[in-house]
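K.L.:
All chains should be built: construct the whole structure from the sequences, respecting the hints.
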Amino acid sequence: MSRGIAVTGVGQSKQAKRREVSIGAMVREAVTEAMADAELTFADIDAVVLSKTPDLFDGVMNPELYLADAMGAVGLPVTRVFTGGSVGGHAAIFGAHLVQAGLAERVLVVAYSKESEGNFTWALSRGLPFSAPLGAGAGGHFAPVIREYIRRSGAPEHIGWQVAVNHRLNAVRNPYAHVHRPDITVEEVRDSRMLWDPIRYLESCPSSDGSCAIVVTGEEHAGHTPRPPAWIHGMAWRTETGHFAGRDEVNPKAGQECAADAYRQAGIDDPPAQVDVAELYIPYSWYEPIWLENIGLAAEGGGWKLVEDGRTTFDGDLPVNPSGGVLSGNPTGATGLLRFAEAALQVRGLAGEHQVDARRAIGHAMGGASQFHALWVVGSDKPGVNT
Amino acid sequence: MRDVAVVAFAQSPCQVANRRDDMADILLPVIREAVETAGIDRDDVDFVVSGSHDFYEGRTFSYIDSLDAVGAWPPISESHVESDAAWALAEAWSWLQLGEGDIALVYGIGRGSLPTDLDQVVPAQLDPYFLAPLAPHRDAIAGLQAHAAIEAGLTSEQGMAEVVARCLNAATDNPLAQRSGHVDVARLLDAPYVSSPLREHDVAPVGDAAAVVVLAADDAARRLAERPAWVRGVDHRMDTHYPGVRDLTESPSTQRAAGRAAEQAGFSMSDVDIAELHTEYSHQEAVLTNALGLNGAVVNPSGGPLAGRPVTATGLIRMGEAARRIRDGKADRALAHATSGQALQQNLICLLEGDG
Numbered sequence: 001m002s003r004g005i006a007v008t009g010v011g012q013s014k015q016a017k018r019r020e021v022s023i024g025a026m027v028r029e030a031v032t033e034a035m036a037d038a039e040l041t042f043a044d045i046d047a048v049v050l051s052k053t054p055d056l057f058d059g060v061m062n063p064e065l066y067l068a069d070a071m072g073a074v075g076l077p078v079t080r081v082f083t084g085g086s087v088g089g090h091a092a093i094f095g096a097h098l099v100q101a102g103l104a105e106r107v108l109v110v111a112y113s114k115e116s117e118g119n120f121t122w123a124l125s126r127g128l129p130f131s132a133p134l135g136a137g138a139g140g141h142f143a144p145v146i147r148e149y150i151r152r153s154g155a156p157e158h159i160g161w162q163v164a165v166n167h168r169l170n171a172v173r174n175p176y177a178h179v180h181r182p183d184i185t186v187e188e189v190r191d192s193r194m195l196w197d198p199i200r201y202l203e204s205c206p207s208s209d210g211s212c213a214i215v216v217t218g219e220e221h222a223g224h225t226p227r228p229p230a231w232i233h234g235m236a237w238r239t240e241t242g243h244f245a246g247r248d249e250v251n252p253k254a255g256q257e258c259a260a261d262a263y264r265q266a267g268i269d270d271p272p273a274q275v276d277v278a279e280l281y282i283p284y285s286w287y288e289p290i291w292l293e294n295i296g297l298a299a300e301g302g303g304w305k306l307v308e309d310g311r312t313t314f315d316g317d318l319p320v321n322p323s324g325g326v327l328s329g330n331p332t333g334a335t336g337l338l339r340f341a342e343a344a345l346q347v348r349g350l351a352g353e354h355q356v357d358a359r360r361a362i363g364h365a366m367g368g369a370s371q372f373h374a375l376w377v378v379g380s381d382k383p384g385v386n387t
Numbered sequence: 001m002r003d004v005a006v007v008a009f010a011q012s013p014c015q016v017a018n019r020r021d022d023m024a025d026i027l028l029p030v031i032r033e034a035v036e037t038a039g040i041d042r043d044d045v046d047f048v049v050s051g052s053h054d055f056y057e058g059r060t061f062s063y064i065d066s067l068d069a070v071g072a073w074p075p076i077s078e079s080h081v082e083s084d085a086a087w088a089l090a091e092a093w094s095w096l097q098l099g100e101g102d103i104a105l106v107y108g109i110g111r112g113s114l115p116t117d118l119d120q121v122v123p124a125q126l127d128p129y130f131l132a133p134l135a136p137h138r139d140a141i142a143g144l145q146a147h148a149a150i151e152a153g154l155t156s157e158q159g160m161a162e163v164v165a166r167c168l169n170a171a172t173d174n175p176l177a178q179r180s181g182h183v184d185v186a187r188l189l190d191a192p193y194v195s196s197p198l199r200e201h202d203v204a205p206v207g208d209a210a211a212v213v214v215l216a217a218d219d220a221a222r223r224l225a226e227r228p229a230w231v232r233g234v235d236h237r238m239d240t241h242y243p244g245v246r247d248l249t250e251s252p253s254t255q256r257a258a259g260r261a262a263e264q265a266g267f268s269m270s271d272v273d274i275a276e277l278h279t280e281y282s283h284q285e286a287v288l289t290n291a292l293g294l295n296g297a298v299v300n301p302s303g304g305p306l307a308g309r310p311v312t313a314t315g316l317i318r319m320g321e322a323a324r325r326i327r328d329g330k331a332d333r334a335l336a337h338a339t340s341g342q343a344l345q346q347n348l349i350c351l352l353e354g355d356g
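Those protein sequence lines, which keep their order, are chains C and P. Each residue of the first sequence is one higher than the one before, counting from 1 in the UniProt record's numbering. Each residue of the second sequence is one higher than the one before, counting from 1 in the UniProt record's numbering.
Calculated directly from the structure, the hints in this document are not laboratory data. Note that the Cβ used here is the ideal one computed from N, Cα and C, for glycine as well. There are no misleading hints in this set.
Which chain C residues face chain P? A few, computed with CB under 8 Å, are given here:
| id | residue |
| --- | --- |
| 1 | Ile23 |
| 2 | Leu56 |
| 3 | Leu65 |
P.N.:
This is the structure:
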């Protein structure tokens with residue numbers, strides 16, 4: 001990367017059903033926190049990028065217009081990105097591109113969803129001819145993919161239950177997480193209601209309201225921040241067509257190539273050894289082994305063994321989603337950016353109770369029929385220093 | 001700054017409604033035409049970015065279907081804006097500045113005919129708590145803006161009708177226009193109001209179309225086009241949301257974007273030969289030309305949106321039309337403008353130039 005780029009501010013709202021605040025007020029919570037973290041005022045910001053999943057989820061069309069004031073974006077360039085659930089990652093990368101290209105010095109990337117003001121499963125259950133009229137929502141799409149992963153890998157069924165427990169226990173350390181279940185057990189997950197075979201209720205993400213914001217700056221500014229920056233070592237996005245004969249949705253090529261590109265930029269040739277922590281987009285528990293394999297943190301067919309051996313727990317050697325992840329809070333428009341932001345917090349040493357020992361972290365997001373992928377590698381050190 | 005140029009532009013005809021083709025079907029021939037014009041293979045494209053909006057399509061993730069026309073396999077580098085595709089062009093231009101690739105394909109698709117009732121769709125763009133419940137119909141806020149523009153002396157009902165007549169006349173040379181013809185201003189003024197002081201002809205006719213622009217950088221641009229339309233400056237800005245606190249006769253975001261684009265380009269608005277403005281209503285031409293300080297430029301030689309408004313493709317078509325005139329040698333410098341939101345809340349300016 002020709003120019004040093006870093007995250008110098010991170011903010012987020014509490015993830016929950018937030019009927020007591022408006023969309024604008026909830027977005028402002030994250031924006032205010034990110035600006036305070038970076039110790040900047042709106043006059044310092046050159047551009048704003050807004051990440052949001054489908055407007056039909058909560059009913060505001062082109063929300064960048066209504067939110068112009070809440071984001072401090074009046075008088076600024078505002079770009080509204082949308083690529084499915086990966087959108088938060090795309091927005092973060094586009095914001096970083098603006099800095100990398102020298103078109104902006106400081107970019108505010110904002111993301112939110114207010115699922116409680118709409119009906120998520122209704123909005124995702126598209127009518128004919130786009131999908132069968134099952135009202136099955138997102139889980140209905142991913143369940144057969146998970147079944148295929150289990151068939152291929154021979155993973156025992158308790159892997160999904162264990163991931164659900166790991167992430168919920170992590171979430172207890174994160175005050176922003178929606179779901180707090182300190183007493184959760186594998187048995188409880190196993191006995192919870194079957195939603196989309198093999199996905200049980202407690203293996204599923206909640207539907208949350210929430211917002212997230214980050215400030216991305218060039219190295220001239222990142223060197224003078226009150227708190228340590230998270231340096232961007234590599235970033236990439238990839239898209240593939242969602243439906244065609246022979247497509248492998250269990251291990252999508254777009255995800256593999258996306259990660260490989262980011263690793264190449266970061267100088268990573270042995271990802272499991274060179275990455276300390278990963279915040280991955282895991283909306284259903286089985287996606288932990290699926291993505292570990294897809295992005296090269298585990299050998300193909302071996303992702304579930306990392307779970308089995310406890311290596312991805314909070315105290316493991318490759319913690320996954322110490323924040324609690326998507327299983328503990330899913331404001332879809334912000335979910336991708338939250339993964340990228342949490343990775344930044346880890347390498348800045350600012351993750352609070354869910355801080356792990358990390359100098360290099362992955363933020364990952366995916367969307368659509370596992371066809372949109374975004375990933376970045378962030379580090380405590382400026383690229384080229386101690387790496 | 002890398003030199004980036006429009007090397008190809010293609011567009012499907014603006015139609016009142018296209019019920020025969022789905023999103024990918026409308027788009028596919030347009031992508032083919034643009035790629036053929038540029039003389040490239042789809043594999044030569046380094047980055048793809050598009051603009052559209054689910055609220056017109058009436059379903060979530062609608063843009064995913066358009067990717068079938070792109071052929072995103074093997075995997076591609078790709079992004080999308082959920083607004084007018086002019087903002088996708090701005091993203092492509094920014095991406096090319098990174099130097100990680102030389103060719104970007106930008107597409108926009110807009111199917112304004114799909115909603116049963118635009119009066120329910122358009123107010124969804126407003127503050128959902130304080131403004132949307134007032135349920136202003138699709139042209140209500142534009143009517144307030146037109147009224148303010150007349151009161152401020154920027155235009156008149158006669159002047160607005162003259163803009164419409166000029167645009168429809170210009171559109172007779174545009175085979176892709178949805179509406180065109182030689183119309184009599186006096187007869188236009190006999191029509192009833194739809195949102196006083198706006199008459200039906202003052203409202204850009206909503207319809208369906210797709211548009212594709214191919215951008216190329218440096219040597220690739222020189223190789224792919226005989227006379228590339230160099231994108232010398234791109235900027236876009238946002239105004240406050242609330243119509244009640246805005247002076248609707250002014251467009252500070254347009255002015256600011258134009259100022260920044262002019263800084264990048266090294267020439268100003270008064271130097272352009274033609275201007276393609278995203279006028280969703282006839283009175284907005286006066287608001288925009290006043291904000292921009294255009295000086296003798298021919299405005300909307302294609303007929304502009306008053307001759308066809310395929311919603312989220314409309315702004316990108318302005319870029320394509322401005323570039324077309326440079327590539328044809330009919331203009332040396334051109335301005336393209338795009339807008340989003342009610343009463344010109346968000347505006348984008350793109351300045352283009354041919355080789356001297």
